[in-house]
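Peer 1: Listed here are the chains, written in short residue letters.
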Amino acid sequence: MADLHAHHRHPGHSSSDRLYWIVAAILAVITGLEVAVFSFNLDHTLTILILIVLSVIKGAAVVMFFMHMRGDAGIFKFVFVAPLTIAISMGLIFLLLFSNHSGIAG
Amino acid sequence: MLRMSELSQTSQPHAPVATHDAEASMIRATVQHGAEPPTSLGVDSRKLGMWTFIGSETLFFAALITTYLINARINAGRPDFQNPKEYLGIVFTSMLAAILLASSLTMVLSLSALRRNRMGQFRVWLLATAGLGLCFIGGQVIEFTRLYSEHVTLQSSMFGTSFFVLTGFHGTHVGLGVVWLLSVFARSLRGRYSSKNDMDVEMVGLYWHFVDLVWVGIFTLIYLI
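One line per chain: the protein sequences are A and B, in this order. Residue 122 in my numbering is what sits at position 81 of the first sequence, and the numbering runs on without skipping anything. Residue 249 in my numbering is what sits at position 89 of the second sequence, and the numbering runs on without skipping anything.
Worth flagging that the hints you see were computed from the coordinates, not collected in a lab. The structure displayed is predicted, hence computed values, not measured ones. Careful, some of the hints might be misleading.
Said to hold, decoys possible - Sample of chain B residues at the chain A side, in silico, Cβ under 7 Å: (1) T212; (2) I214; (3) G215; (4) L219; (5) I230; (6) L366; (7) H369; (8) L373.
Claimed, not checked - Some chain B residues judged to face chain A by a derived CB distance under 8 Å, without partners named: (9) L201; (10) V203; (11) L208; (12) A222; (13) I225; (14) R233; (15) I250; (16) A258; (17) L261; (18) S264; (19) D372; (20) G377; (21) T380; (22) I385.
Glycine included, each C-beta is placed from N, C-alpha and C at the ideal position.
All chains, full assembly: derive it from the sequences and hints.
Peer 2: Printed below as a string of structure tokens:
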């Protein structure tokens with residue numbers, strides 16, 4: 042019977058380690074860029090846009106390379122991406138509906 | 161009482177005998193050889209369970225972040241308004257973000273070392289991950305103490321409430337992750353893990369990377385924006 046762990050063992054782990062170091066360096070650079078963008082006092086909307094794009098890149102790198110989602114079974118992608126999509130949609134909808142609403146907070 | 165194989169014989173006398181028995185034998189043989197029994201989706205159930213848990217935690221933290229963002233605007237119009245920009249230190253928090261990202265690197269290096277049966281490296285990177293996690297928690301304690309000394313508390317304003325609930329829950333997740341990492345380390349000292357038995361380590365790795373992912377979102381949406 043097929044070993045369910047078989048697909049985890051793959052050759053060339055030293056090259057994987059190099060990739061992890063490269064990804065970590067890129068993440069560090071992007072974090073530095075985020076702080077720099079924050080410090081530059083650009084237009085508020087542009088700042089938000091750049092920061093969100095940079096954080097999405099960081100998040101995608103962590104998920105794809107560190108969490109090994111790249112090349113993993115599709116069912117893992119589904120059970121993560123589906124709730125993430127719902128979460129982002131929920132957040133945007135709530136912000137749209139309640140951003141000018143005082144609500145129970147007075 | 162009839163067994164399954166006998167039932168199939170009595171209901172369908174010309175059907176192939178012991179289909180159920182053959183499947184049971186196959187499963188027993190698989191388990192005896194140390195491999196996991198087959199699953200209907202063809203993936204390890206433990207890993208699927210962890211990803212599903214991560215999906216639910218994504219919704220949980222999204223709710224807390226959304227609450228913070230909505231409260232931020234409401235906060236601005238209230239008499240007890242506390243401006244987050246005046247209280248949140250970006251330089252220090254950037255260091256915490258770098259610490260957590262570094263811990264993600266050490267975690268993935270730990271798993272990689274285990275898969276090559278480099279047990280010494282595996283344990284070193286695992287301990288480094290737990291150590292960096294503890295540094296992060298220490299940094300959060302320092303930040304929380306400073307905020308409290310500046311009268312930003314759970315009750316001081318809507319900013320205080322939503323900020324401490326969000327970052328407090330995240331810090332709790334980091335703390336539980338550190339406990340999990342140290343328990344995996346302790347089990348590794350008893351020879352529990354190898355390249356053929358790495359699922360426990362992969363699962364704690366997935367949890368740890370998710371905790372880092374949440375901080376990526378919190379750092380951007382709460383501290384920078």
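Peer 1: Now, for every hint given, state plainly whether the structure supports it.
Peer 2: Comparing the hints with the structure gives:
1. T212: holds, 5 Å
2. I214: The hint holds - I214(B) has a Cβ within 7 Å of chain A, the shortest such distance being about 6 Å.
3. G215: Check passed: Cβ of G215(B) comes within 4 Å of chain A, closer than 7 Å.
4. L219: holds, 5 Å
5. I230: Status holds, d = 5 Å.
6. L366: holds, 6 Å
7. H369: holds, 5 Å
8. L373: holds, 5 Å
9. L201: holds, 6 Å
10. V203: Given a least distance of 5 Å, the restraint on V203(B) holds.
11. L208: holds, 6 Å
12. A222: Since the shortest Cβ distance to chain A is 3 Å, the answer is holds.
13. I225: Holds - the Cβ of I225(B) comes within 8 Å of chain A, reaching about 7 Å at its closest.
14. R233: Check passed: Cβ of R233(B) comes within 5 Å of chain A, closer than 8 Å.
15. I250: At about 6 Å, which falls below the 8 Å cut-off, the nearest Cβ of chain A leaves the hint on I250(B) intact, so it holds.
16. A258: Holds - the Cβ of A258(B) comes within 8 Å of chain A, reaching about 6 Å at its closest.
17. L261: With a minimum Cβ separation of about 5 Å from chain A (threshold 8 Å), the hint on L261(B) holds.
18. S264: holds, 5 Å
19. D372: holds, 6 Å
20. G377: OK, holds: G377(B) within 8 Å of chain A, min 7 Å.
21. T380: Cβ of T380(B) sits 4 Å from chain A, so the hint holds.
22. I385: Constraint on I385(B) satisfied, holds at 5 Å.
In summary, this structure violates none of the numbered hints.
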